[in-house]
Amino acid sequence: MNKLKKLTLSLSITAALLSSTLSTQAVADDPKQGGTLVASLGTNVRNLNPAVQSGIATGFPGSQLFAAPLRYDENWTPQPYLAKSWDVSEDGLTVTLNLVDNAKFHDGQPITSEDVAFSVDVIKEHHPFKSMFAPVTSVDTPDAHTAIINLSQPHPALMLAMSGQLMAIIPKHIYGDGENPKTHPRNTENVVGSGPFKLVEYKSGEHVILERFDDFFIEGRPYLDKMVIRIITDPAARTLALESGEVDLASFEVAPQNINRLKKVDTLTVTPKGYGAIGPIDWLALNTGRGPLKEKKVRQAIAYAVDKNFILKAIKRGTAANAATGIHPDSPFHHADVEQYALDLDKANALLDEAGFKKDADGKRFGLTIDFGWAELKPNAEYVRGALKKVGIDVTVRASADFPTWAKRMGEMDFDMSWDTVFNWGDPVIGVHRTYLSSNIGKGVWSNTQGYANARVDELLEMAAKESDADKRKALYQEFQEIVADEVPLYFTNTLPYHTVYNTAKVGNPPLGIWSTSSPMDMTYLK
Amino acid sequence: MTFLRATFFRSLYAILLLIAVLVLNFSMMHMAPGDVADTIAQSMGGADPEIMAQIRADYGLDQPFLIQLATYVGKVLNFDLGFSFFYNQPVVSLILERLPATLLLVLGAQLLALTLGVVLGVISARNPNGMTSHLVTGLALFGYAAPVFWTGILCLIAFSLHLGWFPTSGMRDVTVAGGGWAKLLDIAHHAVLPIITLCSVYLALYSRLCRTAMLEVLGSDYVRTAKAKGLSARQVVYKHALKNAVSPVITLAGLQFSAVISGAVLVEAVYSWPGLGTLAFQSIIARDTPTILGILFFSALVVIVGNLLTDIALRLVDPRVGGKQ
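Going line by line, the protein sequences match chains A and B.
When we follow my numbering, the leftmost residue of the first sequence carries the number 13, and every step to the right adds one.
When we follow my numbering, the leftmost residue of the second sequence carries the number 14, and every step to the right adds one.
Possibly wrong hints are sitting among the right ones.
Once the Cα atoms are required to be at most 27 Å apart in a straight line, the calculated DSS-like pairs of lysine-lysine come out as [said to hold, decoys possible]:
1) A:Lys359 - A:Lys420
2) A:Lys215 - A:Lys308
3) A:Lys44 - A:Lys539
4) A:Lys215 - B:Lys252
5) A:Lys420 - A:Lys306
6) A:Lys142 - A:Lys455
7) B:Lys196 - A:Lys238
8) B:Lys196 - A:Lys194
Bear in mind the hints are in silico, worked out from the structure with no lab data behind them.
All of these numbers come straight from a predicted model, not from anything done at the bench.
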């Protein structure tokens, strides 16, 4: 416990230092116009239209090409963007957006409330995250610059769902031609966007080249003339490109050894800041419907026997933060004061005895299998095998040939334990609820694959989804996190160590808000 | 005539083989659990079951296996390689888009390896127990034994990071303006390290083979005759012996060329070279069946064409092959 507190303390001090240096930097340099920023992306981009395609690969170029109604600062406060102001009605059933009146698409057509209504329709139908706009019944357009979103129930998650890459405003006059927006040819070529940068060239597997949109609705922005997003899938090659100065900025760097290597390079700044809304968390999923795992005490014992510090220090090499719950530690809804299951083998043994699983003559209690979603999580699986052996649980590691093989096992709940990484995606309604709602059991990978059902949790999440009062909402999520921590359908270990790396002398104001590079980079400049 | 007939039957077998390859691959892909809808969902950070069902319906993945198979083979026989689920593009255009990069890489590496391999092979064969010979053998074996991604990273660290002579990745620097010669030079600049890396694998094969063949030929009667005629050592080696020694090397080069894609996968990955190897690798990971099958189909074509070209090349070099006897 003490060590953890120290860790949290030192982390928060580092965070405070970081933010203070950043703000002084912002004061020290005035943004300059011009220049080409070379950034890298580790995954190939398949689609540039965030309205129909989710994921961080689309998010980076997509958020430059398309503007959303809102943007968020680093303190999770909504800021005007395409909407100069907004208003949520007293009963929470209507949200009125007042659009800026000089906004234009890249082809010169004005951006109107019609486009907002159209975009909401497209996202509702084609975006993979159904919960974002599920309560939206219709969008009224009383005039060209007012869009009124009507809701069937109060929907506070809408605020975050209107920011970052989640609500791209796309042109009705392009995508409304009757072709399926999901496979529309204009998703990758001749893209007409609403954001600060327009598309110059997209080559699958090679690069996305963007250019300043001179008629962007914010005066004087973007600062950069050009942005080149190079697709470099090999992490070692990316590391070298950053070191040699060929690439100025990289986001979503995740391999601990590369992060630590880059930290030693004088010219680079390496920071975990800016991933709060992305919110990726590694956890050990326990199938609550299978064998001994049905017992809460067994699940708790497993949590006590697995040393989170080993994962943080040895596997993640100090690059990841502790994740006590399924809500990312950077989120305002995160509640750290829950049972953390610090390593305690005696307690684990006692709990297993109490649950009725006594050790046999060989010191074994029972056997379990463990899966892992991708190669990066294999060390975690091997570690758990060793850790649980100490308390008499015989673990077999089951490898999967590839992602679909594992996804199928998870989707059909054909597993005992599995390592997994799941993203929060802004509001808990979007990325958190899906894992716990009993109505979402066994609905494919990243649903409630643990078969977890708790009536109170269902009730809390349902209430939180429509609670407009921020403090009350926080209290609901607090209770939810306490229950889940007690029942351990998932044992949360760490945040995925996403880092942003940039050339300190060159890049001014890198995207370190809550959405990382899945947010407009109109304020980033070259020094 | 015999040549034409042989070619005809060979092509016929090849087509049958091609269909067998398609059916087998399609079935194997189908047997593996999970499908492209899962990987699409993964790249989107998770998806609603409704959306997953829609993706499967969109791509006909909800149809029974035999119908899917029949549709696919039928399409391929009409020279339609289908539509990539993952890239949202016709497979043919995907392959054609990536082909030039791979051809540049593989042909460059092959030519370099062939030239260097023959030269080194001859040098070491002329004095099989000398220092040069041992050095050549040692270097070649090292290149062959070292994993190509490791050689690649080593080259990157040495020549890109520390010496700064070459760029670390990609095929061109998009921040460099201008076309024509500037663009060509830029591509050549980017291609040096990948070509050398890939070349290191082939070099051992060619130089060793050339050395052995050369040693054998140098001990034969006609070489002795040539020497007895009073020809210079240089003439004997390059005019008489080499012509005969080089044919096994050409055969091997032809076979190697068939492995155009498999050989380039790792090099392309290390250097982020936007070629077919990367595409093949990514589509396997993504379970993008049409793309994988398209690439396999294409590789099979390359094998056939490569073999035919090898035949022709051998005929040109060695008149005994396929002669009128």
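Now the hints, each set against the structure:
1. A:Lys359 - A:Lys420: violated, 35 Å
2. A:Lys215 - A:Lys308: violated, 51 Å
3. A:Lys44 - A:Lys539: holds, 7 Å
4. A:Lys215 - B:Lys252: violated, 49 Å
5. A:Lys420 - A:Lys306: holds, 22 Å
6. A:Lys142 - A:Lys455: Holds - the C-alpha atoms of A:Lys455 and A:Lys142 are around 13 Å apart, at most 27 Å.
7. B:Lys196 - A:Lys238: Satisfied, since the Cα-Cα distance of roughly 19 Å is no more than 27 Å.
8. B:Lys196 - A:Lys194: Answer violated: B:Lys196 to A:Lys194 is near 35 Å, above 27 Å.
Hint violations for this structure: numbers 1, 2, 4, 8, all remaining hints satisfied.
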